[in-house]
Structure formats: structure tokens, C-alpha cells
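Enquirer: Here is how the chains run, residue by residue.
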Amino acid sequence: MLTNPKAQQRIGDILVTILLSLGAVTMLFPFAWMISTSLKEQRYIFTLPPQWIPDPILWHKYIEVWEKVPLLYGFMNSTIVALSVIIVGTFTSSLAAFAFSKMRFPHKEKLFMFLLGTMMIPYAAVMIPQFVMFSNIGWVDTLWPLILPGLFGNVAMIFFLRQYLTGVPTAIIDAAKIDGCSFFGIYWRIVLPSIKPAIAAHVVMWFMGIWNDYLGPVIYLTSPRKMTIQPVIALFNSYYASQNDYALIMAASVISMMPVIFIFVFFQRYFIESLVISGMKE
Amino acid sequence: MRKVSNRLLILVSCILLVLVTITPALAQNPITITFMGHGHPEEHEIFTRLIEKYEERYPHVTVNYINVPPAEYMIRLQAMVAGNQTPDVFYLPAGDLMPWADSGLLADLTELVANTDLFDEANIWPEALARYRYDGNMVGQGPLWALPKDVGPWALAYNADLFKEAGVPLPDPDVPWTWDEFLENARKLTRGSGNDRKWGAAFYTLEAAVWANGADWLDETKTRVTVDDSKFIEALQWVADLRLVHQVTPTREEEQSMGGYSRFINGQIAMFPMGPWDQPAFWRLPFEWDLMPWPVSPNTGKNATWIGSMGFAVSSRTKNLQEAFNLAAFLALDREGQQLNYELGMAVPNLIDMAETGFLNMDKPPANRKEFLRIITDYGRRPINEYTYDNEWIDAFWQGVDAVYAGRKTAAEFCKEIQPEMQSLLDRAIARQEQQRQRNR
Amino acid sequence: MQTKVSIYKQEKRWAYLFVLPAVLQFFLFGAGPLIYSLYASFTDWNVLFGVRFVGLANYREILVTERFWKAVYNTFFLMLGTPIGIACALMLALALNRRTIGSKLFRVIYYLPSVSSVVAISILWTWIYNYDYGILNTLLRMVFGVDGPNWLYDPTWIKPSLILMGVWRSFGATAIFYLAALQNIPQVYYEAAKIDGAGPWQSFWRVTLPLITPITFYLLVMGVIGNMQSFAEIHVMLSNGGTEYSGATIVYFLWQKAFQNYEMGFACAVAWILGSIIFILTLLQFKTMRHWVYDGS
Numbered sequence: 153m154l155t156n157p158k159a160q161q162r163i164g165d166i167l168v169t170i171l172l173s174l175g176a177v178t179m180l181f182p183f184a185w186m187i188s189t190s191l192k193e194q195r196y197i198f199t200l201p202p203q204w205i206p207d208p209i210l211w212h213k214y215i216e217v218w219e220k221v222p223l224l225y226g227f228m229n230s231t232i233v234a235l236s237v238i239i240v241g242t243f244t245s246s247l248a249a250f251a252f253s254k255m256r257f258p259h260k261e262k263l264f265m266f267l268l269g270t271m272m273i274p275y276a277a278v279m280i281p282q283f284v285m286f287s288n289i290g291w292v293d294t295l296w297p298l299i300l301p302g303l304f305g306n307v308a309m310i311f312f313l314r315q316y317l318t319g320v321p322t323a324i325i326d327a328a329k330i331d332g333c334s335f336f337g338i339y340w341r342i343v344l345p346s347i348k349p350a351i352a353a354h355v356v357m358w359f360m361g362i363w364n365d366y367l368g369p370v371i372y373l374t375s376p377r378k379m380t381i382q383p384v385i386a387l388f389n390s391y392y393a394s395q396n397d398y399a400l401i402m403a404a405s406v407i408s409m410m411p412v413i414f415i416f417v418f419f420q421r422y423f424i425e426s427l428v429i430s431g432m433k434e
Numbered sequence: 003m004r005k006v007s008n009r010l011l012i013l014v015s016c017i018l019l020v021l022v023t024i025t026p027a028l029a030q031n032p033i034t035i036t037f038m039g040h041g042h043p044e045e046h047e048i049f050t051r052l053i054e055k056y057e058e059r060y061p062h063v064t065v066n067y068i069n070v071p072p073a074e075y076m077i078r079l080q081a082m083v084a085g086n087q088t089p090d091v092f093y094l095p096a097g098d099l100m101p102w103a104d105s106g107l108l109a110d111l112t113e114l115v116a117n118t119d120l121f122d123e124a125n126i127w128p129e130a131l132a133r134y135r136y137d138g139n140m141v142g143q144g145p146l147w148a149l150p151k152d153v154g155p156w157a158l159a160y161n162a163d164l165f166k167e168a169g170v171p172l173p174d175p176d177v178p179w180t181w182d183e184f185l186e187n188a189r190k191l192t193r194g195s196g197n198d199r200k201w202g203a204a205f206y207t208l209e210a211a212v213w214a215n216g217a218d219w220l221d222e223t224k225t226r227v228t229v230d231d232s233k234f235i236e237a238l239q240w241v242a243d244l245r246l247v248h249q250v251t252p253t254r255e256e257e258q259s260m261g262g263y264s265r266f267i268n269g270q271i272a273m274f275p276m277g278p279w280d281q282p283a284f285w286r287l288p289f290e291w292d293l294m295p296w297p298v299s300p301n302t303g304k305n306a307t308w309i310g311s312m313g314f315a316v317s318s319r320t321k322n323l324q325e326a327f328n329l330a331a332f333l334a335l336d337r338e339g340q341q342l343n344y345e346l347g348m349a350v351p352n353l354i355d356m357a358e359t360g361f362l363n364m365d366k367p368p369a370n371r372k373e374f375l376r377i378i379t380d381y382g383r384r385p386i387n388e389y390t391y392d393n394e395w396i397d398a399f400w401q402g403v404d405a406v407y408a409g410r411k412t413a414a415e416f417c418k419e420i421q422p423e424m425q426s427l428l429d430r431a432i433a434r435q436e437q438q439r440q441r442n443r
Numbered sequence: 119m120q121t122k123v124s125i126y127k128q129e130k131r132w133a134y135l136f137v138l139p140a141v142l143q144f145f146l147f148g149a150g151p152l153i154y155s156l157y158a159s160f161t162d163w164n165v166l167f168g169v170r171f172v173g174l175a176n177y178r179e180i181l182v183t184e185r186f187w188k189a190v191y192n193t194f195f196l197m198l199g200t201p202i203g204i205a206c207a208l209m210l211a212l213a214l215n216r217r218t219i220g221s222k223l224f225r226v227i228y229y230l231p232s233v234s235s236v237v238a239i240s241i242l243w244t245w246i247y248n249y250d251y252g253i254l255n256t257l258l259r260m261v262f263g264v265d266g267p268n269w270l271y272d273p274t275w276i277k278p279s280l281i282l283m284g285v286w287r288s289f290g291a292t293a294i295f296y297l298a299a300l301q302n303i304p305q306v307y308y309e310a311a312k313i314d315g316a317g318p319w320q321s322f323w324r325v326t327l328p329l330i331t332p333i334t335f336y337l338l339v340m341g342v343i344g345n346m347q348s349f350a351e352i353h354v355m356l357s358n359g360g361t362e363y364s365g366a367t368i369v370y371f372l373w374q375k376a377f378q379n380y381e382m383g384f385a386c387a388v389a390w391i392l393g394s395i396i397f398i399l400t401l402l403q404f405k406t407m408r409h410w411v412y413d414g415s
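So the protein sequences, as listed, match chains A, B and C.
Here the first sequence is numbered in the numbering used here, starting from 153 and rising by one per residue.
Here the second sequence is numbered in the numbering used here, starting from 3 and rising by one per residue.
Here the third sequence is numbered in the numbering used here, starting from 119 and rising by one per residue.
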């Protein structure tokens, strides 16, 4: 009976679902603890065995976080940085990726290695000179140091899209060239649609990176109204950790995670269900 | 007629109001002072209030207060110095004083303190100021480079309920125990098992033991590492044996699983060291607690502990030295701020008269608050790293000493082994100090 | 012939235009600080005293610093997390790609750890790894009846603990890249393989695996670049580099030197040594690439 491919498929699916569920439990375990801790009374946090469903359930930590921390500005500024960088940066990165993977020009490989090389020096070593540079322009306590460099693209994204594009047949692009299609036209009509799933996947990661960026904002921003989300939360954590108020810290972390999860849920249909958009795969 | 006089009155008062608000502004050009620190929310609130008060008193000055998460504070400060944006007033850890003072980035406050009418120098704990003096060679003497934000005596607290349960008489606030009495009582206080397990003491502060025994990490010139001294070794072994032999403190694994702080809070530890900043949390404890004097070494009959501190430094690059100094003085020594500080249980006042009256007479635990003051005036010392250019030599010690606490090495073996490594790191720090000082001349 | 040449000329011009922003980014924002840090590595630069040229002194001193070598060893040890994470991610992506019931939900769940902040994750795992009270040791005791090690304090277990946490944290996110790559494989290849009589196992080996090598290559290269610079979790979870410095990485060592000890020049030299190591590793990967990475033909 196992010779029937449909049945085989189905048994496989069931097995996979069971395994995935088991894995999901271990992935969720810590988060369940995180949420449950955020709802617990202080003295029940370190009990053995751990108390999974808090009794009593206290929601007030969430209200407390909201009152104690200028979270709203944090959300706003992080969103401004993330949106502007990702929208413009994705455009510039995908153009460069197209050039690096499908176009011919001298010193292509060397130039690419050179760009990749800039990621290899730890940030700690360039942080101070970079601060000096931006402070000379007068950009300290503005969002510009966080936004502007990102507008010119992201080397990781260029690399990823370049790798992804190797799977897109060069023949189609060559054909378009012969047809007299402009290079920007090729990018816009052929390349861009075919790398949409890759872009969606990378955007999700990039958004997360910007959202969780901590050191940059801590160095460049000063006034509370210009702060992004992570330094705001860190300022708050550092104090409450010394007070062992883990409920409050966990509540703050849960709140700060929400937007990223939302973005993920929104984007995932693009990198999963956008199969064969242009029909060019066949 | 009546109407006219009314109008006139309004007009005159308007003009007066305008004049009142404008005059000081006309007299002095408006200026802005930047102040950077890493205050936690309550400290932030107090400072905000003090800054408002300061701005009322000096209406031409606006203060820009930057609050940075503590872990990244020094990085941010270094970035700002490099970017030529050094804050006018900023937190400076006492342990970092030497390189900062040598670099010429700090304003010498000696003259300003002598001439100010904001406070009386004689009313500040001499020790609180002394640690911010540095003559280019030794800390504790010479020009003054910062004002103390606080003075933090590291005291020994005890859980009175546990003492009563174990039938141990409460410690006399005036007569310190000897080490032997400490051990004997700690043994009696160590009882029970499982969740009911109680320990006599948390891990014993090593500085308190070493100094009390007449030893130290460095010699008097602060150039030679003296951890191989027999009195040092004896003190270290005594501390390790409290855990390894006598088992009156949690084991190393237990300590790593749940720190002494949490265990003390849970009522599992009878004697635990604390700083004044622990008071607000301890006020919420369901048991009775108080301070006891640190035990004395049987060899010397003396006790010792450390006093922590953070300073307010003024940048030498400031364009408004007097105003910046005044702000530092306000934050460090203003009576209202100091009072708020101790009432909230954050610190011991820097002002002697306030510490000896208001602070001492507060009706909150510890009842034996004068132990805090006794540490400041009598047996407290500066942490050892304040005498050297960097901490690498002492970090090597702290990284390795775990072997003694775990029982893998004896104190004698460890100290003999680590001394040369510490010495070479210290020599490196001294060489750097020499180099930088010469460059600066 | 004529047209071909002109197309190439045009292509060259357009290509330069397309890569211009990325190159500009380097020259506007990256070059200055990078060159300065290279220069600073030959000085005893710190923000308090400025720079003074010392030649190769920093490099010479690094080579005889015991803690640096410890950090190098730890860093390479932690690199084991890269291939482990990639393998786990591939398996996860294959499973998620079957689109069984709830696979949408699963994707969110597996992605969760990578979205939360390092601080929250680190607090969480410090608790999981707790010797007496942690869930890991509690589970080991309950299920297998063994006493677990003191994960974050025992020098032999610190690094495996960090690797496990790192894999857990990032493999869901890595799987997303694979998911996108799996979409890129034309269905016809599978159909062709089926006609040739290949079972699911063979078509995985002959179609799926080769066609996703470009992404595997990307993940390896970026994994090396990223993991060689790991720092944040060590900073948060271990004090002073962990027992006997057995959790400290090169970047951690550099960080201590730069910001606790005011030895920026020395730290820059460490940074450039690390940068060179990473560059060599990356170059090696690019050199061996043509032997195993599918290039579109």
C-alpha cells in the first residue's frame, strides 16, 4: 500500500507535522515562560517547580511599562528608520545584485570581495572614528547616522540576492538584451519580479536587525524624543535587572517584539506563496 | 475712571513682569550646559528636579541632561570626547580618575571649591573628597578633580529573625566579633535542608578579610603586588574555608544558581554584605534586619571594608567653567537633593551635618545606621583599583581566584602562582602611566 | 558584431551605475573610519591622550598575550555553530516547505527567537542553564535521571552552551532564506527527475541540494563573518569572559581593551588581525566555490 505516492506523501506529512510540533514546543517553551513571568507576582518568579500559569495573573506590568518608558517615541523613531532604510535600501541593493550576478563589467569579482570586506572589521574598531565623522557634520542626536548609510544598500542583501539570481536562467536576460530592452527595463520587468520571494525573506531579517539595533542608537541619540526602541528598553532593563524585577523586563521585551512578529506575518506570504509570478520559470 | 485705572494696573504689571523676566537674561547671555550620566529612574527624577531648581537660580543657564544605559556609558563618553563634544559635567567612576586627570580633560576644581558659597568644604566627608584628589603620582593627595556623587560604605547586614530562631544572641552594634566568633555563630545559624536550608553567611567580602588581616594587594607605593604575603594568603584561605571546610556559606554551584542577594531576600542567609543603595529593596523585606560591625581579624584586632563612589567631573574644555562647577555642586551637595537621596534610601549624605542628624535619626531600618558612618570615618577604604591606571592586573586575580574557592588550589599555591603575572600586568600599567604623563607635559 | 560590442559598452556603463550606490556608501561612510582604524593600529591611540606612532608594537604584543590566544581558540570553537545551524535550518525549511496543516503558524513559531532582543534571550537562557533551578537540568533529572553540568560556569560546557543557544536563536531565521531558495527551484526539474525514475530521496540529492548550493554558500560565508565577531551574548551572559576566560571571543577581548582599558590603538590592531583572518577564510570559500556551488548552468 506504500507504493501509492499519495499515501506515501500523506504519511510523510503526518510524520513531519509531529516532528514540527515537537520542535515548536521547545521553541515556544522559553516564550511561554517569558509571558508567564511577565504576569507573575515577584515572589513566584523563582519557584520550583516553575509555576506555568500565574496565580494571580497580573497585567499591571504592561501598563507600568507603558507609563514608565517613552515607548511611543521609540516605536515611532524605529519605524521611521526601518521604513526609509528598507524601502530605498532594497532598491539600491537589488540593482547592485543584478549587476553583480547577471551583467559583465571589469573587476566585478574584486569589487564584490571589496564590499564584502567592509563587513569583516568589527564595529568596535570603527565606531569612534565614525562618531567623530558624524559629529563633525553635526548629526549627533539626529536619526541621520542610522538612516543615511543604509539608503545606499546593504552588502548582505546584495550578496543574498546575487546568490539567488544564479537560479534565474541567464538566457531570458540575454534574450531581452537582444530584443533591445534597456538594462533598467530588464531589472524592472524581469529581475525584480523573479526575486520577490528573496527580497521578502531578506526584508524580514533586515527589519529585525534594524529594530533590534542597539549600539548605534545608544551612541548617536540623546534626547528621549529621538530614541529608538532598544536603547529605551535597555535604559529601563539595566535598572530593573538590579532590582530583580524580571516581570517588568519580560513585559517590556514582549511589547518590543510585537511589531517584528507583525511584519513577519505580513511578509511571509510573499516569500512562500509567490511561486511563479512571471511565468518565466518554465 | 475705574476702568482706566484697571487697565493701567494691568499695563504696569505687564511691563513689570516683562522686566523681571528679561533683566537677568539681559544681564548674562543665555548658555547651555550638557550633563551626562547613567542614573536609574529614581535618580533621574531627583536630578531632573535639582536641575530645575538650578535653572531657576541661574535663569541664563539651560541644562541638557543626557541619560545613557550604564553598560554603554563609558563608550558613549569616549565617543563624545573624541568627537569634541565632551559634556560639561559627567559621571566619572573613581577607579578611572588617574588616566582622566592625567589627560588634561578634567578641570581642576581645587580653587573653585575654596571660593564657592554653595557649600562648606569642611562639611563634606574628607574621605569622599580625598579619593578624587590626585597629584599625578598618587591618589588621595593633590588637586581635586571631581565632586562625590555619593559615598557608599559596604556594610554587613544580618537577618535578626534567623538569629532568634537559631538562638544566637544578636550582634552588639558597638563591639565587633572576632573571625572566630563569626565562624562559630555562622555554624549555629547554618541549619536545615532542601527548601528550608539556611546558611550562616553569604560569601565573605575578600577585601574585608585581607585588609583586616593587615595585608593588601599592593604595597604602599602601589607599585608592587603583594598577594604572596603570608597574611594575605591566610585571609584568602580563611574566606575559602568558610565554604570549603566549614560549609557556612552556599557552595560555589549554589551561589551560581542563585546569588546571595536573592537568598538573603528569601530569608535563607543570616549575614549578607550590603551597600546603602540596597535599602529600598530591603525595606520591603518581611523580616527584621540590621547592620553589624565587620568582624575583626584575631591577628590585628582590626576590621576593614571598602567604600564605593562615583564622581561628578567637570570638563576642562567647558566654555562655562563656573556654571558647570555650580551644576556639579548642586547635584553633589545641594541640601534638598541630598535629603531626597537618603530619604529614598539611595545613599548616605555627602554632608556631614545632614548624615549625623537627619540620616542618623531616620525611623527606617537599619536601626544601627551609624555603622554606615563608622565605616566612612573609621575603617572603610578605597577599592584597590583606584590606585592604578587600569584593572587588568586585578582582573587576572579575580579570574583565577575561583580555583581557590572551588578547592582546586590552596590559597598559597594560587597566590604564589598568580603574583608574577599580576606584577607584569601592573608594571605594564605603570609604564603606560609614565608614558602618558610625559606626553601630556 | 557591431551591436554586440556596443551592447557590452552599454552594459558596462549601466552596471557601474547600478553598483554605484554601494560603492559610494563605502567611500562616504566606511572608508574614512576604516582607514583611520588601520592607521590607529600602529599607534597607542586612545581618546584621552590622542595618537602616537608605535610601529608594530601593538601587533608584537598581541602575539604574546595569552588571553588573545585563548580568545582565538574560543572564537574558532564557537564557529562550529555555523554548520550545525545551517544543517538544522535546511531540515526545518524542507519540513516547512511541505505545507502541511499549520505550517504558517510553525513558521512564525520557529522565527520567534530571532526577533526578540539579545538581552531578553540572554536572561532567558541564563535561567534555562541555571545549575539548580534551570529547566534544562530539571528535565535531565526528570527524564534521564542524570545530573546536568553547570552549563555557564564549567569551562568545558560554556562554549557548547553558547553554541546551542546560538543555533536555537538563529536557525528559524536561516530557514527563511532556504524557504525562499526552495521556491526558486522550477517544478519541471522534479518532474524530469520523476520521469527518470527518481524517488523523493534521490530527487532531493540530485535536484534540491545542488540547486540550493548558492544559498548554502551565502549562509556559510555570512555565518563565518558573523560568528567570528560574536560578542553581545557573551557580554550579557558571562562576567569577565566566563570562568577561566573560556567564553571570551576575540571581539570580547578587543572590547575590553578598547573601552575598559582605554587602549584603542591596541584594540584596532586586534580588529585588523581578526579582519584578516575572516578575509582569508572568506577568500578560501570563494576559491573552493566552483567545485560545489551551482552556477546557473
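Hints in this document: simulated from the structure, not taken from any laboratory.
Note that this is a predicted model, so its numbers are computed, not measured.
The beta-carbon is built from N, C-alpha and C at its ideal position, and this holds for glycine as well.
The reader is advised that the hints may include incorrect statements.
Sample of chain C residues with no beta-carbon within 12 Å of chain B, all distances over it, derived [claimed, not checked]:
| hint | residue |
| --- | --- |
| 1 | F167 |
| 2 | I281 |
| 3 | L399 |
Below, in silico cross-link-like pairs of lysine-lysine (DSBU-like), each with a Cα-Cα straight-line distance of 30 Å or less [said to hold, decoys possible]:
| hint | chain 1 | residue 1 | chain 2 | residue 2 |
| --- | --- | --- | --- | --- |
| 4 | A | K348 | A | K260 |
| 5 | B | K190 | B | K55 |
| 6 | C | K277 | A | K348 |
| 7 | C | K312 | C | K188 |
| 8 | C | K312 | A | K158 |
| 9 | B | K418 | C | K188 |
| 10 | A | K262 | C | K277 |
| 11 | A | K348 | C | K127 |
| 12 | C | K127 | A | K262 |
| 13 | C | K312 | A | K260 |
| 14 | A | K260 | C | K127 |
| 15 | A | K158 | A | K262 |
| 16 | C | K130 | A | K329 |
| 17 | B | K411 | C | K277 |
| 18 | A | K348 | C | K222 |
| 19 | B | K166 | B | K304 |
| 20 | B | K200 | B | K418 |
| 21 | C | K188 | A | K348 |
| 22 | C | K222 | A | K158 |
Enquirer: What hint numbers does the structure not satisfy?
Expert: Hints 1, 5, 6, 7, 10, 13, 15, 20 and 21 not satisfied by this model.
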